[in-house]
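**Student:** Given next are the chains, with one letter for each unit.
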Amino acid sequence: MTSALWLVVTVLVYLLARAAYARTRLALLNPALVSIAVMIALVVATRTPYERYMTGGRLLSVWLGPAVVALGLPLALQLATIRRNALAIGVALAVGSLTGIVVAVSVAWLLGAAPPVVLSLAPRSATTPIAMVVAARLGGIPALSAVVSIVSGALGGFIGVGLLHALGVRSPLAVGLALGGAAHGLGTARAADEGPTQGATAGMAMGAVGVLTALLAPVMIAALRWFTSGR
Amino acid sequence: MADVARFAAGLALLVGLNLAGEWVVRVTRVPLPGSIVGMITLTVLLEAGVLPVHVVRRPAELLVRHLALLYVPAGVALVAYVAVVRHDLVPITVAALASLVTVLAVVGLIVQRLGRDE
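Chain order of the listed sequences is A and B. For the first sequence, my numbering begins at 1 and goes up steadily by one. For the second sequence, my numbering begins at 1 and goes up steadily by one.
For the record, the hints were derived by calculation from the structure and aren't laboratory data. This one's a predicted model, so the numbers in the text were calculated from it and none came from an experiment. Heads up, none of these hints are tricks.
Some chain B residues near chain A, calculated using beta-carbon distances under 10 angstroms:
{"id": "1", "residue": "E22"}
{"id": "2", "residue": "V30"}
{"id": "3", "residue": "L63"}
{"id": "4", "residue": "L78"}
{"id": "5", "residue": "V79"}
{"id": "6", "residue": "Y81"}
{"id": "7", "residue": "V84"}
{"id": "8", "residue": "A95"}
{"id": "9", "residue": "A98"}
What the simulated footprint calls covered on chain B by chain A, stretch by stretch (three residues with Cβ under 8 angstroms from a Cβ of chain A suffice, anywhere in the stretch; the number is not a length):
{"id": "10", "region": "11-19"}
{"id": "11", "region": "31-37"}
{"id": "12", "region": "46-57"}
{"id": "13", "region": "67-75"}
{"id": "14", "region": "100-111"}
Yeah, the Cβ is synthetic: ideal placement off N, Cα and C, and Gly gets one too.
Can you build the whole structure from these sequences, using the hints too?
**Tutor:** Have a look at this one:
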């Protein structure tokens, strides 16, 4: 297949996956995950080198940067709510981003994962496009970060509300921030089902955790390296 | 026609902010992706009222709605790492799950204790 054709096929597969998800609402049929799986199957089946696929795919990937910039719009629309609860939100998201990185990295490292895999897990809490750029900067595998971020986000949307209720967390603000902060886009979608406050604050948490993770991940990796080499 | 022009202008602005962010990162060496610097810049410009929301609303909403499509090609790169993933499947799964549950609990509990909005 030519690269232009691969581009068209990618878009078609995505639209079909989206339609299937809209019809079934099954968390497992997450459109991004299904699209990636189907495209990998097609690339493997046609024995297409990844580079050849990517000459078409790049026409989509170049829009990731501007799309991350666009996330500034929902963030700006939430600033009034953020200010009113500045202390709670600031502390929760800073501590949350930090523990997200430290837990993912140290568990993977303790279980003996290869260094590039450990680094790919650092930005797990960040929304997929941000997780990918952070992984690239750290020396991880952006594609792995993308899939980990999507799968754990889908799972967070699935188990998040139940887990929070079991912990006695019920305020709309707390539920929204936890879902958006821990499970980014898919957690935000789930939070929006709970109510408008939950949805809006989840979107804000997703943006803030993305920024905090991008800032904190290199620092935490350096700190953990220093800590583990010292003993 | 005016709609198309406005959409194109908003889109060009988002692309421009992304490029500007990358340039800032290259020059100042801040440890952030350029697109994040662009996103923060957009938030500040909108909040300060320098940039009216309607200028970027349509293109921004379109990009955010179809974010998933944009990272499909990058996700396909996983074909090159099948062996790596298979080898470390257990650590990857356990670490991601542990991180997910901790962040949910930490953020939820802290906001519940300190928040003002009920």
